[in-house]
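Visitor: Listed below are the residues making up each chain.
There are 2 protein chains.
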Amino acid sequence: MKIPKHIGIIPDGNRRWAKKNGLEKHEGYKNGINQGLCAFRECQKLGVEELTFYGFTADNTKRPSIQTTSFTKACIDAVELIKKEDAQIYVAGNSLSKMFPDELKEYTKRKFFGKRGIKVNFLINYSWEWDLNIKEENKRIINTIDISRVDLIIRWGGMRRLSGFLPIQSVYSDFYVVDEFWPDYKNEHIYEAIKWYNKQDITLGG
Amino acid sequence: MKIPKHIGIIPDGNRRWAKKNGLEKHEGYKNGINQGLCAFRECQKLGVEELTFYGFTADNTKRPSIQTTSFTKACIDAVELIKKEDAQIYVAGNSLSKMFPDELKEYTKRKFFGKRGIKVNFLINYSWEWDLNIKEENKRIINTIDISRVDLIIRWGGMRRLSGFLPIQSVYSDFYVVDEFWPDYKNEHIYEAIKWYNKQDITLGG
Chain F
402 MKIPKHIGII PDGNRRWAKK NGLEKHEGYK NGINQGLCAF RECQKLGVEE LTFYGFTADN
462 TKRPSIQTTS FTKACIDAVE LIKKEDAQIY VAGNSLSKMF PDELKEYTKR KFFGKRGIKV
522 NFLINYSWEW DLNIKEENKR IINTIDISRV DLIIRWGGMR RLSGFLPIQS VYSDFYVVDE
582 FWPDYKNEHI YEAIKWYNKQ DITLGG
Chain P
402 MKIPKHIGII PDGNRRWAKK NGLEKHEGYK NGINQGLCAF RECQKLGVEE LTFYGFTADN
462 TKRPSIQTTS FTKACIDAVE LIKKEDAQIY VAGNSLSKMF PDELKEYTKR KFFGKRGIKV
522 NFLINYSWEW DLNIKEENKR IINTIDISRV DLIIRWGGMR RLSGFLPIQS VYSDFYVVDE
582 FWPDYKNEHI YEAIKWYNKQ DITLGG
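Protein chains in written order, with my numbering: chain F, 402 to 607; chain P, 402 to 607.
Hints in this document: simulated from the structure, not taken from any laboratory. All figures in this text were calculated on a predicted structure; none of them were measured in a lab. Hints are not guaranteed to be accurate.
Treat identical chains as interchangeable: a pair holds within one or across any two.
To be verified - Using 20 Å as the maximum straight-line C-alpha spacing, the simulated EDC-like pairs for lysine to aspartate or glutamate come out as follows:
(1) Lys446 - Glu593
(2) Lys499 - Asp585
(3) Lys510 - Asp585
(4) Lys403 - Glu425
(5) Lys406 - Glu425
(6) Lys596 - Asp580
(7) Lys596 - Glu443
(8) Lys406 - Glu507
(9) Lys406 - Glu428
(10) Lys510 - Asp602
(11) Lys426 - Asp487
(12) Lys463 - Glu428
(13) Lys516 - Asp585
(14) Lys484 - Asp585
(15) Lys506 - Asp580
(16) Lys446 - Glu581
(17) Lys499 - Glu530
(18) Lys485 - Glu589
(19) Lys426 - Glu581
(20) Lys600 - Asp460
(21) Lys512 - Asp547
(22) Lys406 - Glu589
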């Protein structure tokens, strides 16, 4: 079996899980910490070389403080768990902001634990604008400034990947895949995609 | 019904369609031109404001010339069809390269046709490196240079979007969605994702 070298983990659904289980939204996060360790160990066993966990984004920190406190703590706890393993931990995100937890500042340079092993990256107070050094006043960093944010991407041919399609404009896009090949295009595909899009909860990262 | 303002179209599967129909691979492209016009007209009818078609990438031009000639011609023909409609056409891509067709150079500034109407963008000889002005010798443009390309992204919670997750490292990632919420994580999810990943044809844009 071909093992992906680097796996990205987007651990979404904590608040919906809390609601489903009769808890307050913010209580979802602490119920998702151990799962990160499980995922880490499974990937270690499989021989994955690098893992990136989507912790929280700069946009997420605009949520009510009871939530931001909870998910920040959950991220710190997750890092604490992983540092007891064989791992190389790196935390990426805007550490100059007050939303970045002090406890994780030491990881903004990769740190080694145990027998080293898997590289584990946590995105903490991350944003693609921070990552790409995009400044409000200098939008000329991208060539396609005349192309706006993409709301819905429809891909024909069954592949579930962007293949480099407008990476900046696609950061919040909903992604619909049509299994039929493009030459078998039918107008129904567009309708199905939009029907699906209507069921999505569009948050733009908020 | 909520209509997405901007829809991205990734018209993939032309070569597989040709094979399935007993044709040579390169013959798939010319059988996908009219479908672009159909998609345009449906979106126009629905009130979509902007459409972006993924024409071809700089990576694609490394394919055999019988294919590059065919898909380049198909893109030129598609633009020719759309310019007979009410549309604002813009072609984005590296027009300094010899792989960029002369016929489309005039569209590297947006041109208006008929009663204007939908913005239609074609990505032609496009690459995300070109778009982001990333130069081989200057990789410092991104902050997370220590995080490598992501092979597989697994998202829990059912949403099909990246939400800003490492846009540069994710450009060629395969994207697997687990419907269960993160706190309901099971090790099987990882195995299912990797099983699915093994069925994907990894091309890295080639």
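Visitor: Against each hint, give a clear statement of whether it holds in the structure.
Guide: Comparing the hints with the structure gives:
1. Only between protomers do Lys446 and Glu593 lie at most 20 Å apart by alpha-carbon distance; the minimum there is 15 Å, versus 40 Å within a single protomer.
2. Proximity of Lys499 to Asp585 under the C-alpha cut-off of 20 Å is found in neither arrangement, the shortest distances being 52 Å within a copy and 31 Å between copies.
3. For a Cα distance limit of 20 Å, the shortest separation of Lys510 from Asp585 qualifies neither inside one copy, at 50 Å, nor across copies, at 32 Å.
4. In this assembly of identical chains, the alpha carbons of Lys403 and Glu425 never lie at most 20 Å apart, being 41 Å within a copy and 30 Å across copies at closest.
5. For the homomeric pair Lys406 and Glu425, neither the shortest alpha-carbon distance inside one copy (37 Å) nor that between copies (34 Å) is at most 20 Å.
6. Taking CA atoms no more than 20 Å apart as the test, Lys596 paired with Asp580 passes in both settings, with 16 Å inside one copy and 18 Å between copies.
7. Taking identical chains as interchangeable, the C-alpha atoms of Lys596 and Glu443 lie at most 20 Å apart only when they sit on different chains, with a minimum of 14 Å there against 36 Å within one chain.
8. Proximity of Lys406 to Glu507 under the C-alpha cut-off of 20 Å is found in neither arrangement, the shortest distances being 26 Å within a copy and 43 Å between copies.
9. Taking CA atoms no more than 20 Å apart as the test, Lys406 paired with Glu428 passes in neither setting, with 33 Å inside one copy and 35 Å between copies.
10. For the homomeric pair Lys510 and Asp602, neither the shortest alpha-carbon distance inside one copy (36 Å) nor that between copies (35 Å) is at most 20 Å.
11. Taking the shortest alpha-carbon separations for Lys426 and Asp487, neither the intra-copy value of 33 Å nor the inter-copy value of 48 Å comes in at or below 20 Å.
12. In this assembly of identical chains, Lys463 and Glu428 lie within 20 Å of each other by CA distance solely inside one copy; the values are 18 Å within and 51 Å between copies.
13. For the homomeric pair Lys516 and Asp585, neither the shortest alpha-carbon distance inside one copy (52 Å) nor that between copies (30 Å) is at most 20 Å.
14. Taking the closest pair of Cα atoms, Lys484 and Asp585 never come within 20 Å of each other, the shortest separation being 51 Å inside a single copy and 23 Å across copies.
15. In this homomeric assembly, Lys506 and Asp580 never come within 20 Å of each other (Cα to Cα): the closest approach is 44 Å inside a single copy and 33 Å across copies.
16. Proximity of Lys446 and Glu581 under a CA criterion of 20 Å is satisfied in neither setting, with 36 Å inside one chain copy and 23 Å between copies.
17. For a Cα distance limit of 20 Å, the shortest separation of Lys499 from Glu530 inside one copy, 17 Å, qualifies, whereas the shortest one across copies, 32 Å, does not.
18. In this assembly of identical chains, Lys485 and Glu589 lie within 20 Å of each other by CA distance neither inside one copy nor across copies; the values are 52 Å within and 24 Å between.
19. Taking the shortest Cα distances, Lys426 and Glu581 sit within 20 Å of each other only across copies (16 Å), while inside one copy they are farther apart (39 Å).
20. Proximity of Lys600 to Asp460 under the C-alpha cut-off of 20 Å is found in neither arrangement, the shortest distances being 22 Å within a copy and 35 Å between copies.
21. Taking the shortest alpha-carbon separations for Lys512 and Asp547, only the inter-copy value of 12 Å comes in at or below 20 Å, while the best intra-copy value is 41 Å.
22. For the identical chains of this complex, Lys406 and Glu589 are inter-copy neighbours only, at 18 Å across copies versus 38 Å inside a copy, given an alpha-carbon limit of 20 Å.
Hint violations for this structure: numbers 2, 3, 4, 5, 8, 9, 10, 11, 13, 14, 15, 16, 18 and 20, all remaining hints satisfied.
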